[in-house]
Amino acid sequence: MIRYDAGDARRIQHLTKVYEYAGLMGRMERLKKEDQEILEAAAIVHDIGIHRSEEKYGRNTGKYQEIEGPPEAEKLLASQGWPETVIQRVSYLVGHHHTYTDIDGMDYQLLVEADFLVNLFEEGALPETREDVFRRIFRTESGKYLFRQIFSQKTE
Numbered sequence: 001m002i003r004y005d006a007g008d009a010r011r012i013q014h015l016t017k018v019y020e021y022a023g024l025m026g027r028m029e030r031l032k033k034e035d036q037e038i039l040e041a042a043a044i045v046h047d048i049g050i051h052r053s054e055e056k057y058g059r060n061t062g063k064y065q066e067i068e069g070p071p072e073a074e075k076l077l078a079s080q081g082w083p084e085t086v087i088q089r090v091s092y093l094v095g096h097h098h099t100y101t102d103i104d105g106m107d108y109q110l111l112v113e114a115d116f117l118v119n120l121f122e123e124g125a126l127p128e129t130r131e132d133v134f135r136r137i138f139r140t141e142s143g144k145y146l147f148r149q150i151f152s153q154k155t156e
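So that you can map any letter, position 29 of the sequence shown is 29 in full-length UniProt numbering, and since no number is skipped, the others follow by simple counting.
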């Protein structure tokens, strides 16, 4: 992904932070090895649709990323020899990581939470926005713990 995003320091920094948080959270939640691998692979490629979205639509909204990301993720993961079952789940996660309803699986929930931990900081979200996101999105103990540590809030 660093080669894929070469020259785009902001996106490389973003994906590495999401990857690290997702991996940490998966370990904190004691995911099975296979689920941890899927989570980490999805975290690495979660925003892979940004460049295609910008080229095709002139912007990179979440919905466009969800459309353009899965085919790109599938190509990249296949070129690296990932098993088809992993590729399909990662593709699904990439195609849904900006959809916050009907979250089906701990890998999906953790990816969304890790992305929010990074986005809330990078976007300079106001405390009331962070608190709203916390209430609406965060479900895992690891995500809640990290949120509180990062943003020094006692949100319940």
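Just so you know, these hints were derived from the structure itself, not from any lab.
The beta-carbon is built from N, C-alpha and C at its ideal position, and this holds for glycine as well.
A hint or two may mislead.
Per label pair, the in silico range of CB-to-CB distance [as the list claims (entries may be wrong)]:
#1 L126 x R10: 33 to 39 Å
#2 K63 x G124: 32 to 38 Å
#3 R135 x K63: 20 to 26 Å
#4 D8 x I67: 15 to 21 Å
#5 E20 x Y57: 16 to 22 Å
#6 T129 x I12: 24 to 30 Å
#7 A78 x Y100: 36 to 42 Å
#8 G58 x A125: 21 to 27 Å
Calculated pairs, EDC-like style, for lysine to aspartate or glutamate (alpha carbon to alpha carbon, straight line, at most 20 Å) [claimed, not checked]:
#9 K144 x E20
#10 K17 x E123
#11 K33 x E20
#12 K56 x E72
Hint by hint, here is what the structure shows:
1. For L126 and R10, the hinted distance range of 33 to 39 Å is not satisfied, since their beta carbons lie about 21 Å from each other.
2. At about 23 Å, the beta-carbon gap between K63 and G124 misses the expected band of 32 to 38 Å.
3. Between R135 and K63 the CB atoms are about 23 Å apart, so this pair conforms to the stated range of 20 to 26 Å.
4. The hinted window of 15 to 21 Å between D8 and I67 holds, with their beta carbons roughly 20 Å apart.
5. Taken as a hint, the range 16 to 22 Å is violated for the pair E20 and Y57, whose Cβ atoms sit roughly 30 Å apart.
6. In this structure the hint that T129 and I12 lie 24 to 30 Å apart at CB holds, the actual value being about 25 Å.
7. Under the hint 36 to 42 Å, the C-beta atoms of A78 and Y100, about 28 Å apart, miss the expected range.
8. A hinted range of 21 to 27 Å holds for the C-beta pair G58 and A125, which are about 25 Å apart.
9. Taking the CA atoms of K144 and E20, the gap is about 16 Å. The hint holds against a cut of 20 Å.
10. Between K17 and E123, the direct Cα distance comes to roughly 14 Å. Compliance with the 20 Å bound is thereby established for this hinted pair.
11. This hinted pair checks out: K33 and E20 have alpha carbons roughly 16 Å apart, not beyond 20 Å.
12. Note on K56 and E72: the hinted pairing holds, with a Cα-Cα distance of about 14 Å set against a maximum of 20 Å.
The structure shown violates the earlier hints numbered 1, 2, 5, 7.
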